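These protein sequence lines map, in sequence, to chains G and X. Just so you know, we're using the working numbering here: the first sequence kicks off at 29 and counts up by one. Just so you know, we're using the working numbering here: the second sequence kicks off at 6 and counts up by one.
FYI, nobody ran anything at the bench for these hints, they're computed from the structure. Nothing here was measured: the structure is a model prediction, and the numbers come from that model. Treat the hints with care, as some may be off.
[Stated by the list, open to error] Interface residues of chain X toward chain G, partial, derived using beta-carbon atoms under 7 Å:
1. E29
2. Y33
3. G44
4. G52
5. P56
6. H59
7. R60
8. K81
9. Q87
10. K91
[What the hints assert, rightly or not] Only pairs whose alpha carbons sit at most 27 Å apart, straight line, appear in this in silico BS3-like list of lysine-lysine:
11. G:K98 x X:K63
12. G:K46 x X:K10
13. X:K109 x G:K46
14. X:K81 x X:K63
15. X:K109 x X:K46
16. G:K46 x X:K79
17. X:K63 x X:K94
18. G:K46 x G:K98
19. X:K46 x G:K46
20. G:K40 x X:K37
21. G:K40 x X:K48
22. X:K86 x X:K109
23. G:K40 x X:K86
24. X:K46 x X:K94
25. G:K98 x X:K109
26. G:K40 x X:K81
27. X:K91 x X:K37
28. X:K63 x X:K91
29. X:K94 x X:K79
30. X:K81 x G:K46
31. G:K98 x X:K86
32. X:K91 x X:K81
33. G:K98 x X:K81
34. X:K63 x X:K10
35. X:K94 x G:K106
36. X:K81 x X:K94
37. G:K106 x X:K109
38. X:K91 x G:K40
39. G:K98 x X:K37
40. X:K10 x X:K79
In this text, a Cβ means the ideal position worked out from N, Cα and C, and glycines have one as well.
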Amino acid sequence: MFTVEQAVENWKNDLRQKQTLMESDIEELESHLQEEMERLTTLGLSEEESFLIGVRRIGDTTQMASEFAKVNTAAIWKNRFFWMIAGLFVSKIIFSLSSFVGKLSFLIEHYFHWFGWYGAGIFNSVLYGLSLILLAAVFYFYVTRSSFSQKMSKFNTLTTIISTWLLFEIGGLVLQMFPMVIMTKLYSPGQIGQFLWGSQSSMFAVHTVWAVLLISLFILLRPKKMQNI
Amino acid sequence: MDITKDLVAASATPLILSILSEGESYGYAIIKRVAELSGGKMKWTDGMLYPILHRLEKQGLIQSQTRTSETSRKRKYYYLKQDGAKAVKNYQNQWQDTYATLLKVWEDKPCLQ
C-alpha cells in the first residue's frame with residue numbers, strides 16, 4: 029500500500045545516506061517536493077503520481093549528492109570528524125565496561141572456587157570477550173537508529189566534547205581500577221599473579237576473535253558503490 | 006528547441022541573481038519563474054538549483070532567511086545583497102556583449118538564414 033508520508037520519508041533517508049546533504053538541505057528540498065506535489069494533485073493527479081513526478085523533477089539523488097558535496101565540503105568533514113570522536117568515546121566506554129565485567133570472574137572464583145586462580149583468569153578473558161561483542165552490538169543498533177543522528181547534532185561544541193571526554197576517561201579509569209583495588213585487599217600477590225597470568229595468556233584468543241569480527245563487519249557493511257566527494 | 010545543457014548551466018547563476026533582483030524569493034518560486042520567463046524552453050533539474058543558491062550565499066552575493074509561510078510551510082527565502090546587485094550588472098554586460106557579437110556575425114551573413 030502506497031502512502032505519501034512513507035514514500036517521502038524513504039526519499040529523505042536515501043538523501044541522508046549520501047552523507048553530503050545537511051539536514052537543512054533535505055528540509056529545503058522536502059518543502060520543494062511538497063509544494064510541487066500539491067500543485068500536481070490540484071491538476072488531478074493521484075498522490076502517488078504526483079510524488080513520482082515531483083521526485084523525478086528534483087533529480088537523481090546521486091547526482092544531486094555530488095553537487096551538494098561541492099558546497100558542503102567543510103561541513104561534511106566536520107561531521108566526519110565528530111563521528112570519529114564519538115567512535116573513540118564509544119570504544120573507550122565499551123572496553124572499560126567489558127574489562128569491568130571480565131573482572132567479575134574474580135568475584136565468582138572468590139565465592140564458588142570453580143576453576144582455580146589460573147582458570148579464573150581464562151574465565152576473565154571469556155567474559156571480557158563476550159561482553160565486548162554484546163556491548164558493541166548494542167551500541168551498533170543504537171547508533172544506526174535515525175534518532176541517534178539528531179542527538180549527535182547537538183554534540184558539536186568544544187566544551188561538550190571535552191567534558192564528555194573527561195567524563196568517559198574518569199569513568200573508564202574508575203571501572204578499571206576499582207576491581208583491582210578490591211582484589212589486592214582480598215588476596216595475596218601470588219593469587220592475583222596467577223589470575224592475571226591466566227587472563228593475559230588467553231587474551232590473544234579474544235583479540236583474534238575481535239579482529240576477525242571487526243574485519244568481517246567492515247567487509248559486510250562496505251558501501252556498494254564508491255561515493256565521490 | 007530546448008536550450009542545451011551547456012547554455013542552461015552557463016546562464017543559471019546570472020538568471021538566479023536577476024530573478025532575485027526582482028525581489029526576494031524561494032527555491033520553488035524561482036524554478037517556476039525560470040519556466041515562465043523561458044516559455045518552458047529552459048529545463049532545469051529542480052534539485053540542482055539549491056547547491057547553486059548555497060554557493061552564491063557563501064560567496065556573499067545573496068542571503069537567506071527561513072520563514073514560515075501563511076500556509077504554515079517552512080520556506081527559505083533568498084534575497085540579493087549589494088555585491089549580488091553588482092554581479093547582476095556585470096553579468097548583464099557580459100551577456101549583452103556575447104549576444105551583440107553573435108548578432109554582428111548573423112547580420113553580416115544573411116545567407117545563413
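Each hint, compared with the structure:
no., hint, verdict
1, E29, "15 Å, violated"
2, Y33, "5 Å, holds"
3, G44, "18 Å, violated"
4, G52, "4 Å, holds"
5, P56, "4 Å, holds"
6, H59, "5 Å, holds"
7, R60, "5 Å, holds"
8, K81, "5 Å, holds"
9, Q87, "22 Å, violated"
10, K91, "22 Å, violated"
11, G:K98 x X:K63, "12 Å, holds"
12, G:K46 x X:K10, "25 Å, holds"
13, X:K109 x G:K46, "48 Å, violated"
14, X:K81 x X:K63, "15 Å, holds"
15, X:K109 x X:K46, "24 Å, holds"
16, G:K46 x X:K79, "23 Å, holds"
17, X:K63 x X:K94, "20 Å, holds"
18, G:K46 x G:K98, "13 Å, holds"
19, X:K46 x G:K46, "31 Å, violated"
20, G:K40 x X:K37, "23 Å, holds"
21, G:K40 x X:K48, "24 Å, holds"
22, X:K86 x X:K109, "35 Å, violated"
23, G:K40 x X:K86, "31 Å, violated"
24, X:K46 x X:K94, "24 Å, holds"
25, G:K98 x X:K109, "38 Å, violated"
26, G:K40 x X:K81, "18 Å, holds"
27, X:K91 x X:K37, "25 Å, holds"
28, X:K63 x X:K91, "16 Å, holds"
29, X:K94 x X:K79, "32 Å, violated"
30, X:K81 x G:K46, "22 Å, holds"
31, G:K98 x X:K86, "23 Å, holds"
32, X:K91 x X:K81, "23 Å, holds"
33, G:K98 x X:K81, "20 Å, holds"
34, X:K63 x X:K10, "25 Å, holds"
35, X:K94 x G:K106, "36 Å, violated"
36, X:K81 x X:K94, "25 Å, holds"
37, G:K106 x X:K109, "52 Å, violated"
38, X:K91 x G:K40, "37 Å, violated"
39, G:K98 x X:K37, "25 Å, holds"
40, X:K10 x X:K79, "31 Å, violated"
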